[in-house]
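Place chains B and C on chain A using the hints.
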Amino acid sequence: MAVFMQSLISGILIGGVYALIGIGLTLIFGVMRVINFAHGDILMVGMYLTYIIFTMLGIDPFVSVLITFPLMFLFGGFLQKVFINRVLNALAQNQILLTIGLGLIMSNTVMLIFTSDYKILTTTYSSSTIQVGGGVSVSTPLLISFLITSAITAALYWFLLKTDTGQAIRATAQDRDAAQLMGINVKRMSIIAFGLGSALAGTAGALISPTYYIFPQVGGVFTLKAFVITVLGGMGSVVGATLGGILIGITESLGAVYISSGWKDVIVFVLFLLVLLFKPSGLMGKSRT
Amino acid sequence: MRKHLLALGVTLTLSPGLMAQKIGVINSMSGPEAPIGENITNGIKLAEEDLKKKGFNLQLVWEDDTGKPQISMSAMEKLATRDNVAGVVGPYTSACSNAVAKLAEKYRVPLLIPAAAKEEITRQGLKHVFRMNAPADKYASSLIDAALSLGKPKTIAFVYENTDFGTSTSKTAKDYVATKGLQVVADVSYAKGSADYRSNLAQIKSKNPDLVFMVSYVADAILLMRQSKEVGLQPQAFLGAGAGFTTTEFAKEKAISEAVVSCTQWTDDVSWPGAKDFGQRYKAKFGKEPTYHAACAYASMVIMAETAKNAGGDRAKTRDGLKAGKWNGIMGEVKFADYDGFTNQNNHQMLVQQILSGNYETILPAQFATKKALYPFPKWK
Amino acid sequence: MNKTLLKSLLALIGLAFLLVIPRFVDSPYALHMMILLFLSVMMGQSWNILGGYAGQHSVGHAAYFGVGAYTTMMLMHTKQIAPWIGVWAGMALVIVVALAIGSICFRLRGPYFVLASIAVAEILRLSAINLTTLTNGAEGILATELPAFKIGGTVVTDFLTKVPFYYIGLFLVLLTIVVTYLVQHSKLGYFFQAIREDQDAAHSLGISISLYKNIALVISAVLTSLAGSFYGIYVGFVDPPTVLGLDVSVQIMLICIIGGMGTIWGPVLGSLILVPLSEALRSNMITEALVKVGLVSADSRVGLFLKENLSHAHVLLYGILVVLVILFMPDGLMGFVNKLMRRKREAV
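Just so you know, the sequences run in chain order A, B and C.
At position 205 of the first sequence the residue is numbered 205 (full-length UniProt numbering), and the sequence of numbers has no breaks.
At position 214 of the second sequence the residue is numbered 214 (full-length UniProt numbering), and the sequence of numbers has no breaks.
At position 101 of the third sequence the residue is numbered 101 (full-length UniProt numbering), and the sequence of numbers has no breaks.
Bear in mind the hints are in silico, worked out from the structure with no lab data behind them.
By construction, the Cβ of each residue, glycine as well, lies at the ideal position given by its N, Cα and C atoms.
A portion of the hints provided could be inaccurate.
Output of the computed footprint for chain A on chain B, the stretches with three or more beta carbons under 8 Å from beta carbons of chain A [claimed, not checked]: (1) 32-39; (2) 179-193; (3) 222-232; (4) 251-260.
Footprint (simulated), chain A over chain C, 3 or more residues, beta carbon under 8 Å [as the list claims (entries may be wrong)]: (5) 48-60; (6) 97-111; (7) 250-263.
Excised from the complex, chain A in its bound form (with noise of 0.2 Å):
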């Protein structure tokens, strides 16, 4: 019973931080349309910035969030305009191939500058921990995260509901020509779209820096993560994209004592598939057309 709860907490915890980096894809390609590949390296480029922050000012990664949210809003807003911009209406696998060029272009730079070496963020609570009782216990800085991750989707609900910036982007989402013959500025809903899910994912890489690692080609392994999950949750929809996290937190978690660590990725993927087939709306998507 203790390895089943540790499971299911750590796993919800986890999920937090995936979800933060789905809701960040899901933004972008429900504008968009587009893929981005290179979601995973924007994730990399935000744990440098805060690794960077960290060690050249003093400032802790959790509140350097403040700084590095805004810092990859603008990075996102730049790689819009001038990249995916030109792509919006070419076929799917040029936008893909495109932001994967993207992609390796941030990684390879950022190896250059830093070197390829791991880098560790060791703050003074990276290995402190909370008993919750019952033998189970709960990281403290994974629990700060998860704490600081639903602040952040809370915050960006109210923003897509009730301001009208939020409320042109869900309308560009759904509909791209609608909404600019509503009057709609479409490219200046995108340029939004897509700073907002990058810093998204640059916040997700600020927050697991104190209990991970850092190196240049960390993105990839988050990449097929955010696709994952974008997909269980319906490509588009923020809160299927938060309930998608957290399932892939939990899945992961129990599957690996359940089934076979080995096998866990694989049971992911399948469960990926199966929600494309059956239910291609993803699990909170409406119809999709």
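For chains B and C alone, kept in the frame of chain A given last:
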């Protein structure tokens, strides 16, 4: 331009007997293996510097194999047939070394592999393939022997990355513990780079093993130990195989790395000649501690360059020189011998070390020990 | 008429040239690069049939490449079955795998198809890691000793040099080009292109979408599996990341997209650019050449900088190339060349 040519002419006429030692280097300088490959690059650069100071006219041809066997082959073909090198040092990974070894044999180019772990590489009877480091089976036997000499463990749990190194090391380890009467209570492989190992570690904790044997080549080691502490996994000893457990970054994480036993090919406090000096100069030049890969690569390059120089750049003579030679340097005594089915394998002494007060201290073998071992593993704070 | 004659003549001259290369070039390095070039053309051309002609942009072709490579190597390693027999087993198995994958992926369109194709290839890669008794897991399969190829007791070749591999590679390249040519000039090619241009319109014309998609997939998969087997036999080692990894799939697709999809010469052109370029960057030949030409002195600051960083940066340059091609030549080089020629013609 003319000035350069003139200068070149002068040096050539002034030193007629000074022939260049042209040596190839194959290494993973980009791609997924680059983080470790970097150490090898640095080790060789330091060797190059030292050799040039000693008056070697060393000319290195660098080849990046990006961690892919077929690219590694391209590099070897080029070095063997286009660049006409006297010998080659590298490649880094086992997969690449395997692919390149047979080419070295075909073209009769002496190949000195600095740090690839797979046993088979030097078990194929290839006459031109030499290896500096001890292969994977040594990790398992030296760590388990260490644990058995320190206490009376009965059960063991395995946690290893699902890579070539991880699976082959744990496989030989499992065979080895069977002969020692230890019972395997958990056998968990993981994909490197996962963020969360807690559920598996909690599961292992429920089995209450006496020993936990972990294989991690990269920074996963830190994650594994942090999360072991989180879930309260408390064996008599944590045994760590692979480079992940032997980095300074790992030792710096005092809260989780204290008293972890690991084994390595090299440390800077071992009494091998020049080891300490190498460590200091490496740190001064590259701003970080050398890993054993760096030391293996350094020693390999020095040996290859010296042998090639004595052989006048002739491949056959270089090969014979490597086979017959005996060296004593930062890797201790080096000799490429044939034993237990190996060919041209340096029977390297592995060092078992433990982190005590934040430093790696050698605990076994006794003649190199710097501190007494701490056993059993202290209670988590 | 004259033009086709000229074209065939040119092709014949080119072929004759390729056939005699090993007679005059004895540098194994040069032959090795040619073999890698052939492999690249094979991989690109096989993808082209499904991706370029039928418009199904799979990013999971590593699955077929890996199944071919693994089957041949496993049979050779564990059952001592000669690779020229194992290849057929690989192709047979790949048909089964392809149809299974098709039954999943072809229900989806656009980005969903792409993601599903990635997922399937990843499942195969992870399975190869975990099914250790079958595939030897992450340790991979090492089989370097090739049996001599005999016909009725006389040894045709013992595979000791690169020459037999060169000719096998050349033959396989010709095979894939001929298959592509036949597809393009048959009813099949017409159906494929109809599906690519407008799936719903093709459906309303009475073309069985799923039948023709599966035909395209099977042709493509079988050829990719051949390329995979060739890779395995030539390199002598396979493991999950090198033959089943996502970057293999991306590489296969890249050849076509840089060269130009849906054209016979696109993958050839793409390979002619990518293979030498990445080799030149990787091995620092560009710096060497610059020094030789005299543009940069080897000891100058620029020379040292290039020597130090250019080979490190080759993947970066690769990334930049991809981005530039996608942005400025979205139809690949073939598309770009065709556009230029059209413009010239219009000007005349």
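Status of the hints after comparison with the structure:
For the segment 32-39 of chain B, the stated coverage by chain A holds: 5 residues have a C-beta nearer than 8 Å to a C-beta of that chain, and at least 3 were required. Residue count for the segment 179-193 of chain B with a Cβ under 8 Å from a Cβ of chain A: 5. That meets the three needed, and the coverage hint holds. Here's how the segment 222-232 of chain B fares: 8 of its residues keep a CB closer than 8 Å to some CB of chain A, so the rule of at least three is met and the hint holds. Evaluation of the coverage hint for the segment 251-260 of chain B: fulfilled, as 4 residues show C-beta separations to chain A shorter than 8 Å, against a requirement of three.
Figure legend: the segment 48-60 of chain C, annotated as covered by chain A; annotation consistent (3 residues with Cβ-Cβ distances under 8 Å, at least 3 required). A count of 5 residues in the segment 97-111 of chain C with a Cβ less than 8 Å from any Cβ of chain A is obtained; the coverage claim is therefore met, three being the minimum. A stretch counts as covered by a chain when three or more of its residues have a beta carbon under 8 Å from one of that chain; for the segment 250-263 of chain C and chain A the count is 4, and the coverage holds.
Every hint from the earlier list agrees with this structure, and none is contradicted.
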